[in-house]
Amino acid sequence: MSVTGSPPIPPAASKIAAQRLRLRSMARAFEIDTRLLGMVGALAIIWVGFHFWTGGTFLTPRNLWNLSVQTATVAIMATGMVLIIVSRNIDLSVGSVLGAVGMAMAMLQREILPDWIGYDHWAMWIIALAAGLVLGALIGGLHGFLIAYVGVPSFIVTLGGLLVWRGVAWWQASGQTIAPMDSTFQLLGGGSRGNIGGLWSWIVGAVACAGILALLFVGRRQRRKFGLRLRPFWAEIALSVLSCGVVLGAVGYLNLYYLPERVAAERGGGDIPFGLANPVLILIGVTLVITFIATRLRFGRYVFAIGGNPEAAELGGIKTRWVIMKSFILMGILVAIAAAVQTARLNAAVSGLGQSAELYVIAAAVIGGTSLAGGVGTISGAVLGALVMQSLQSGMVLVGVEAPIQDVAAGIVLVFAVALDTILKRRPK
Amino acid sequence: MTMTTQASRGVPLVDMRDIRVAFGGVHAVDGCSVDLYPGEVVGLVGGNGAGKTTLIKTLSGAHKADSGEIFINGEKATIETPRDAKKYAIETIYQTLALAENIDAPSNMFLGREVLSRWKTLDDRAMEQAARQVMGRLNPQFQNLLTPVRSLSGGQRQSVAIARAVHFNARILIMDEPTAALGPAETAQVHDLINQLKAEGIGIFLISHDIHGVFDLADRISVMLQGKMVGTVNRADVTKDEVLGMIIIGKLPGTATKTELAELH
Numbered sequence: 096m097s098v099t100g101s102p103p104i105p106p107a108a109s110k111i112a113a114q115r116l117r118l119r120s121m122a123r124a125f126e127i128d129t130r131l132l133g134m135v136g137a138l139a140i141i142w143v144g145f146h147f148w149t150g151g152t153f154l155t156p157r158n159l160w161n162l163s164v165q166t167a168t169v170a171i172m173a174t175g176m177v178l179i180i181v182s183r184n185i186d187l188s189v190g191s192v193l194g195a196v197g198m199a200m201a202m203l204q205r206e207i208l209p210d211w212i213g214y215d216h217w218a219m220w221i222i223a224l225a226a227g228l229v230l231g232a233l234i235g236g237l238h239g240f241l242i243a244y245v246g247v248p249s250f251i252v253t254l255g256g257l258l259v260w261r262g263v264a265w266w267q268a269s270g271q272t273i274a275p276m277d278s279t280f281q282l283l284g285g286g287s288r289g290n291i292g293g294l295w296s297w298i299v300g301a302v303a304c305a306g307i308l309a310l311l312f313v314g315r316r317q318r319r320k321f322g323l324r325l326r327p328f329w330a331e332i333a334l335s336v337l338s339c340g341v342v343l344g345a346v347g348y349l350n351l352y353y354l355p356e357r358v359a360a361e362r363g364g365g366d367i368p369f370g371l372a373n374p375v376l377i378l379i380g381v382t383l384v385i386t387f388i389a390t391r392l393r394f395g396r397y398v399f400a401i402g403g404n405p406e407a408a409e410l411g412g413i414k415t416r417w418v419i420m421k422s423f424i425l426m427g428i429l430v431a432i433a434a435a436v437q438t439a440r441l442n443a444a445v446s447g448l449g450q451s452a453e454l455y456v457i458a459a460a461v462i463g464g465t466s467l468a469g470g471v472g473t474i475s476g477a478v479l480g481a482l483v484m485q486s487l488q489s490g491m492v493l494v495g496v497e498a499p500i501q502d503v504a505a506g507i508v509l510v511f512a513v514a515l516d517t518i519l520k521r522r523p524k
Numbered sequence: 018m019t020m021t022t023q024a025s026r027g028v029p030l031v032d033m034r035d036i037r038v039a040f041g042g043v044h045a046v047d048g049c050s051v052d053l054y055p056g057e058v059v060g061l062v063g064g065n066g067a068g069k070t071t072l073i074k075t076l077s078g079a080h081k082a083d084s085g086e087i088f089i090n091g092e093k094a095t096i097e098t099p100r101d102a103k104k105y106a107i108e109t110i111y112q113t114l115a116l117a118e119n120i121d122a123p124s125n126m127f128l129g130r131e132v133l134s135r136w137k138t139l140d141d142r143a144m145e146q147a148a149r150q151v152m153g154r155l156n157p158q159f160q161n162l163l164t165p166v167r168s169l170s171g172g173q174r175q176s177v178a179i180a181r182a183v184h185f186n187a188r189i190l191i192m193d194e195p196t197a198a199l200g201p202a203e204t205a206q207v208h209d210l211i212n213q214l215k216a217e218g219i220g221i222f223l224i225s226h227d228i229h230g231v232f233d234l235a236d237r238i239s240v241m242l243q244g245k246m247v248g249t250v251n252r253a254d255v256t257k258d259e260v261l262g263m264i265i266i267g268k269l270p271g272t273a274t275k276t277e278l279a280e281l282h
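Residue numbers (the working numbering), protein chains in the order written: chain C, 96 to 524; chain W, 18 to 282.
Since the hints were made in silico from the structure, they are not lab data.
Here a beta-carbon is modelled for each residue, glycine too, at the ideal position from N, C-alpha and C.
Check the hints yourself; a few may be wrong.
What the hints assert, rightly or not - Using 27 Å as the maximum straight-line C-alpha spacing, the simulated BS3-like pairs for lysine-lysine come out as follows:
#1 W/Lys-104 to W/Lys-275
#2 W/Lys-257 to W/Lys-268
#3 W/Lys-215 to W/Lys-257
#4 W/Lys-93 to W/Lys-104
#5 W/Lys-275 to W/Lys-103
#6 W/Lys-93 to W/Lys-137
#7 W/Lys-215 to C/Lys-421
#8 C/Lys-414 to W/Lys-93
#9 C/Lys-421 to W/Lys-103
#10 W/Lys-257 to W/Lys-245
#11 C/Lys-414 to W/Lys-137
#12 W/Lys-93 to W/Lys-215
#13 W/Lys-81 to W/Lys-245
#14 W/Lys-137 to W/Lys-103
#15 W/Lys-103 to W/Lys-81
#16 W/Lys-103 to W/Lys-93
#17 W/Lys-257 to W/Lys-275
#18 C/Lys-320 to W/Lys-137
#19 W/Lys-215 to C/Lys-414
#20 W/Lys-93 to W/Lys-81
#21 W/Lys-81 to W/Lys-104
#22 W/Lys-81 to C/Lys-421
#23 C/Lys-421 to W/Lys-93
#24 W/Lys-104 to W/Lys-137
#25 W/Lys-245 to W/Lys-268
#26 W/Lys-245 to W/Lys-93
#27 C/Lys-414 to W/Lys-104
#28 C/Lys-414 to W/Lys-81
Unchecked claim - Quick partial rundown of chain C residues pointing at chain W, CB under 8 Å, derived from the structure:
#29 Ala-389
#30 Leu-392
#31 Phe-394
#32 Arg-396
#33 Ala-400
#34 Ala-408
#35 Gly-411
#36 Arg-416
What the hints assert, rightly or not - Calculated Cβ distances over 12 Å to all of chain W for the following chain C residues:
#37 Leu-187
#38 Leu-258
#39 Leu-282
#40 Gln-317
Using the sequences and the accompanying hints, generate a full structural model.
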């Protein structure tokens, strides 16, 4: 339009404007969140950048497989943190609670349960995990009660929790390292046994593909039925091919990471893929469940309504205190899941377990588009945010950046990402 | 005189007796009584800080009364939360509208009373359809229901707040400054709606600064001053000046002198 209609604009500028317009209408045709697109773009830059910087090790199947496992614990907690922040609260205690719950699960396996049922009993991992989940829920419930019913600000309650639960993590074993874990429990953490192998990974990928296609199909049919605007058909096809391609491509690439020769020899030798690691499967499950809770259940709707206008939620007849308390119980359970994954992966519990994890979890949620003012945030965004943070950290470790400098970089990226988002949002549309 | 007309109408829909609310040492509402009959609009007027909103909040459940009694259809009612009020079919349109800006119109309409599917999940489609139906009656031009309320105009927001009250079949409707944020056309629309709801037998409390609007709509007018009820008058029996006299100097019609009334202008 501007090409023909506005003579004062120099041809080059009008060309750029037209291009920008075309890009935007493309994005609209796909109806993809532009913010999500931005994060994927940032991730691509980080990955390619580190790949060259590390001389070709970052994008190897082995490194990406490790990255997927390392991302899991932070991402699992970030899904819950989204709901906490959306309801205008914060949880600073997740790292310490992870330490305390992880240590409790380790103590159960090494010190308490063996007296009753002996080492490596088949039920050991179930009892330890269940106890951990209950403990996490109780700690979350205590925080939630103090915040919602007593009225202490969440910042203070969880700042107290940050100190208390770190101390409890130390006190349970007087600062000793508790290891190793039950052999079945270890599977929760990935490793050479804690994965589902190549074939099952392909099956998971195929199921995910089928799920995406079904969602797109049902969505289109519903929109037609209710006379809503449809995506152009070509965009629908392109979207299906693209998302299935990404899923299957990721599975295929990760499947190129093979078991070490010694382990492979025990299973008949040859190239045996690791396949998706258990922590990654747990993360996928958690993401689906929490997304469902946030978008399809009353509880999720209430969390967002409270974040948007607490007074309106109260006047609408919502039991806002109970909703807040439930959100902290959920957070506690997710921290316990992360604690199980983390202790299983390290095959040990130390009193410093999860130290400063709260910062990475909050950063993941915020980079993923959760607003600290409340009312806004997505679960999938937070998981991508966790992947961005972990990619940075993992890349810097590969390059050999020293730990304090890693913190400098992570901090700068966090502030830069939010600043960029704020500026883009302020720009008139 | 008002007593006889009331007696002939039987049991009041709402009868609030001797309501008291104090904030700290301040008596925001100090022994006020007011009643409402089916198909009637009672205007509740008074200056800023007269206690109108606080009094009515004890009926909508947003605020607990320190003492006093509320009778709904002649039966003693206990209203401590907004949920309690909704059980008695009392719906409130707050001055602030009480909308969550980050979610869409249907979600706001059904906030706290969501339609659920068989599987206990949110039935957003059913809620959207119901919202479109109500909106077709209230504000047919308002089509983009699925955007967050944040991006709606003042009139559209107002329709969402009103739609919420209308959809749930209120028998008692409380409207706190319903037209304060609206232009003339939208105000006229709200006035039409009030008359329509009144014809359906709904009792309406109308809280307003706008004495002209109240005179157009109300059957009776209750005036508050500094937390006390100055009195309740039939609109047909008084002039605007007399009501102004009640609002400003707290004197009932006939008791204020000519000079006092003249000073009001």
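Evaluated hints:
Between W/Lys-104 and W/Lys-275 the alpha-carbon distance is near 48 Å, which puts this suggested pair outside the 27 Å criterion. Between W/Lys-257 and W/Lys-268 the CA atoms are separated by roughly 13 Å; this keeps the pair inside 27 Å, and the hint holds. At roughly 22 Å between alpha-carbon atoms, W/Lys-215 and W/Lys-257 fall within 27 Å of each other, so this suggested pair holds. In summary, the hint linking W/Lys-93 to W/Lys-104 is supported, as the alpha carbons are separated by about 14 Å, within the 27 Å threshold.
The suggested pairing of W/Lys-275 with W/Lys-103 is violated, with an alpha-carbon distance near 46 Å, which exceeds 27 Å. For the hint pairing W/Lys-93 with W/Lys-137, the CA-to-CA distance comes to about 34 Å; that exceeds 27 Å, so the pair is violated. A C-alpha spacing of about 42 Å is found between W/Lys-215 and C/Lys-421, which places the hinted pair above 27 Å, so the restraint is violated. Note on C/Lys-414 and W/Lys-93: the hinted pairing holds, with a Cα-Cα distance of about 25 Å set against a maximum of 27 Å.
A distance of roughly 24 Å separates the Cα atoms of C/Lys-421 and W/Lys-103; the hinted pair therefore holds under the 27 Å criterion. As the CA atoms of W/Lys-257 and W/Lys-245 are separated by approximately 20 Å, the hinted pair is consistent with the 27 Å bound. A threshold of 27 Å between alpha carbons decides the hint, and for C/Lys-414 with W/Lys-137 the separation of about 18 Å falls inside it, so the pair holds. Taking the CA atoms of W/Lys-93 and W/Lys-215, the gap is about 24 Å. The hint holds against a cut of 27 Å.
Annotation: proposed proximity of W/Lys-81 to W/Lys-245 holds, straight-line Cα distance about 18 Å (limit 27 Å). Among the hinted pairs, W/Lys-137 with W/Lys-103 is consistent with the structure: their alpha-carbon atoms are about 22 Å apart, no more than 27 Å. A threshold of 27 Å between alpha carbons decides the hint, and for W/Lys-103 with W/Lys-81 the separation of about 15 Å falls inside it, so the pair holds. Proximity of W/Lys-103 to W/Lys-93 is assessed by CA-CA distance (about 15 Å); at most 27 Å being required, the pair is judged to hold.
Distance restraint check for W/Lys-257 and W/Lys-275: the Cα-Cα separation of roughly 14 Å lies within the 27 Å cut-off, and the hinted pair is therefore satisfied. For the hint linking C/Lys-320 to W/Lys-137, the alpha-carbon distance of about 23 Å falls within 27 Å, and the restraint holds. At most 27 Å may separate the alpha-carbon atoms for a hinted pair to count; W/Lys-215 and C/Lys-414 exceed this at roughly 32 Å. At most 27 Å may separate the alpha-carbon atoms for a hinted pair to count; W/Lys-93 and W/Lys-81 meet this at roughly 15 Å.
Under the criterion of a C-alpha separation no larger than 27 Å, the hint pairing W/Lys-81 with W/Lys-104 is consistent with the structure, at around 16 Å. Of the pairs offered as hints, the one joining W/Lys-81 and C/Lys-421 holds, with about 26 Å between alpha carbons and a cut-off of 27 Å not exceeded. This hinted pair does not check out: C/Lys-421 and W/Lys-93 have alpha carbons roughly 35 Å apart, beyond 27 Å. Between the alpha carbons of W/Lys-104 and W/Lys-137 the distance comes to roughly 22 Å, so the proposed pair stays at or under 27 Å and holds.
Taken as a hint, the W/Lys-245 and W/Lys-268 pair is honoured in the structure, with Cα atoms around 12 Å apart against an allowance of 27 Å. Taken as a hint, the W/Lys-245 and W/Lys-93 pair is honoured in the structure, with Cα atoms around 23 Å apart against an allowance of 27 Å. The hinted pair formed by C/Lys-414 and W/Lys-104 meets the criterion: a straight-line CA distance of about 15 Å does not exceed 27 Å. Distance restraint check for C/Lys-414 and W/Lys-81: the Cα-Cα separation of roughly 16 Å lies within the 27 Å cut-off, and the hinted pair is therefore satisfied.
Among the interface hints, the one on C/Ala-389 is violated; its C-beta lies about 11 Å from the nearest C-beta in chain W, farther than the 8 Å criterion. Satisfaction of the interface hint for C/Leu-392 is found here, the shortest Cβ-Cβ separation to chain W being roughly 6 Å, below the 8 Å cut-off. Checking C/Phe-394 against chain W: minimum C-beta separation of about 10 Å lies over 8 Å; hint violated. A distance limit of 8 Å between C-beta atoms decides the matter here; for C/Arg-396 the minimum to chain W is near 6 Å, and the interface restraint holds.
Checking C/Ala-400 against chain W by beta carbon gives a least distance of about 4 Å; that is within 8 Å, so the hint holds. Contact between C/Ala-408 and chain W, as hinted, is supported at the beta carbon level, the nearest pair being about 7 Å apart and thus within 8 Å. Annotation: C/Gly-411 was flagged as interfacial toward chain W, and the flag holds, the nearest CB pair being 4 Å apart, inside 8 Å. Hint status for C/Arg-416: violated, given a least beta-carbon distance of 12 Å to chain W, over 8 Å.
Interface exclusion of C/Leu-187 from chain W stands, the closest Cβ pair being 24 Å apart, more than 12 Å. Separation of C/Leu-258 from chain W is adequate, the least Cβ-Cβ distance of about 33 Å exceeding the 12 Å criterion. No beta-carbon of chain W comes within 12 Å of the beta-carbon of C/Leu-282; the shortest separation is about 32 Å. Against the 12 Å criterion, C/Gln-317 falls within the reach of chain W, whose nearest CB is about 7 Å from its own CB.
Going through the hint list in order, the structure does not satisfy hints 1, 5, 6, 7, 19, 23, 29, 31, 36, 40.
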